[in-house]
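Enquirer: Chain residues, written in single-letter form:
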Amino acid sequence: MTRSFLGMPATAPPGVGHLRGSEPFPVAARRALSDAQLRRNLGHATATIRSRSAAVVGEVPDWPQLRAAGRAIKTDTMARLPELLEQLEAAVAAAGGTVHWAADAVEANRIVTDLVRAAGADRVMKVKSMVTQEIGLNEALLSAGIEPVETDLAELIVQLGDDRPSHILVPAIHRNRAEIREIFLRAMPGVDPALTDEPAALAAAARRHLRQTFLSTRVAVSGANFAVAETGTLAVVESEGNGRMCLTLPETLITVMGIEKVIPTWRDLEVFLQLLPRASTGERMNPYTSMWTGVTPGDGPQTFHLVLLDNGRSAVLADPVGRQALHCIRCSACLNVCPVYERTGGHAYGSVYPGPIGAVLSPQLTGVEDNASLPYASSLCGACYDACPVMIDIPSILVHLRGRVPHPKAEAAAMAAAAYTMDHPALYAAAQRAARLGRLAGRRGRGLPPPLSGWTASRDLPEPPPQTFRQWWAER
Amino acid sequence: MTARELILGRLRAALGGPEPVPVEVARDYRGAGSVAADLDVFVGRLTDYRATVHRCVDADVARTVGGVLGGRQIVVPPGLPGHWLPDSVTVVPDDDLGVERIAAADGVVTGAAVAVAETGTIVLDAGPDQGRRLITLLPDVHVCVLRADQVVATVPDALARVDPHRPLTWISGPSATSDIELSRVEGVHGPRNLHVVLVL
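Protein chains in written order, with this note's numbering: chain A, 1 to 476; chain B, 477 to 676.
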């Protein structure tokens, strides 16, 4: 364990939050693949959203120009991140908000816990937020005696089911309607025992369940989709109205945002508000978007705190190839098109950020040693790059990170031996003859013998041809 | 060292080197003012997301509102034009009403700041005819009265018209969720019924 110098980019600390899985991806993926119900649920859900998104993206004549503009704005943002954050801080403060800085998950959890205590509350209601999942805020609040109530329907399903989220947009995507009904009947106090598994009935049950919480809870915690440096405006994009409840009803609002969520100007919203809903839920526009700048007398929370979180983002920024992972607007389009995600689901990735974007973001946030299997959780097919509304070149980052993963010594030795052999024609010819012998030895379809079996455990070994090119050339 | 200094120092170290070269953002997409609004598209998009649309002239707004909310209790923002309200409703003016009182009302009638045809979106900016954000959130029926000249074509057009320093709510259809098997269901926590009265 090396201690970094103060002021040097730092990765997210271990032991807090949910960026590291307890087992490597292939182990977790194998278990997920054997769950037929999970695969059915995921296949149905991802196919539904893919077709919906494709239809509304197809309606926009300038989609390519919007994507390119989205990428350019994010590239510009990352290049000027320190000054933009200072500008945001000044604008929020000028509008009556208070800005806090949190170097990591531990510090962010402490800041939020202290703010909730200072407000004299023992319960907070939460808008769905990836970043508070990342830092493990709910666990930190519970251990301080504060009850966090998730108000997004999918997060509520996850919380009541004592489960983990498995998708950025739809955390309960791994559950079907029958399973959700079971969870509600088991864990939702006062639920009607005659509840059906119709999605409308389940949504209505959530409405009844949360209504009094909305009206009586004095502190809310949210994330942010965008924060405009120029004006100090925060934006939260949602569907159900739980976000509006949390952003409007309480006395105190605490917003936690990753520092990469800042955008330079008000005008930049015109790009992202077109890209995000169509790529994400496959809607022309999501039902509700709330924007607020500081506090407004007589309307909404009169106390507003903004917590700016690093937690490994500075380390991502330090990698010129990998830093574009910070451009992500959390739409989850890359999950929905990924052949690996569609089969394994989100839990196999270990981190709260699953799918292709998670495979490039999580290892960079934690340091690649702590998520070493994730850069390999991909077939490099490139569907994620095509789907990404801000054109993040995920396949290139995956390849780049594979180069940074610590490799077993045996692999390096085998590669060195192969390079030496290919440099020496006589040796190469002998190796090819040996490969043909291998064919005769009948190992076809069974991969290489140990210790080389590690290589072929997840790869097909090409069958050596009966005759090499050199032999054919010599006999010609 | 404060966390602020620590983070800003980390970020400057991460970027390294001299001042960054400014990145040119090509805004060759359809910007504000480039497309004319199409009211039929607007109505189609609203209907597609299960909002109910009524088209009428200004003199008929009250009758239209009465058709939706007649006989019921409605919350009204302080600056709502009086002639939009029919005699058949019980008007509850929002003079700093308590939360429970607003939640107990059947509906709310407001104006709007601007609307987006392409996305079927209405934008509220808490102006006098729209009121506090709360009043359009708790009652189950929201009737929003909109003049045709408030409808713009695109999202960039709408952003150019509103003031970022006001609290803004962008509404596209009634409250909805896609959280169960990614099927869209209308009606969760926000108003389950959205009526747009388009004044021609």
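In short, the hints are calculated from the structure, not lab data.
All C-beta atoms in this analysis are idealised placements derived from N, C-alpha and C, irrespective of residue type, glycine included.
A few of these clues could be false.
Unchecked claim - What the simulated footprint calls covered on chain B by chain A, stretch by stretch (three residues with Cβ under 8 Å from a Cβ of chain A suffice, anywhere in the stretch; the number is not a length):
#, segment
1, 499-507
2, 513-522
3, 540-549
4, 552-559
5, 597-611
6, 616-625
Enquirer: Hint by hint, say whether it matches the structure.
Expert: Evaluated hints:
no. : hint    : result
1   : 499-507 : holds (count 9)
2   : 513-522 : violated (count 1)
3   : 540-549 : violated (count 0)
4   : 552-559 : violated (count 0)
5   : 597-611 : holds (count 5)
6   : 616-625 : violated (count 0)
In this structure, the earlier hints numbered 2, 3, 4 and 6 are contradicted, and the remaining ones agree with it.
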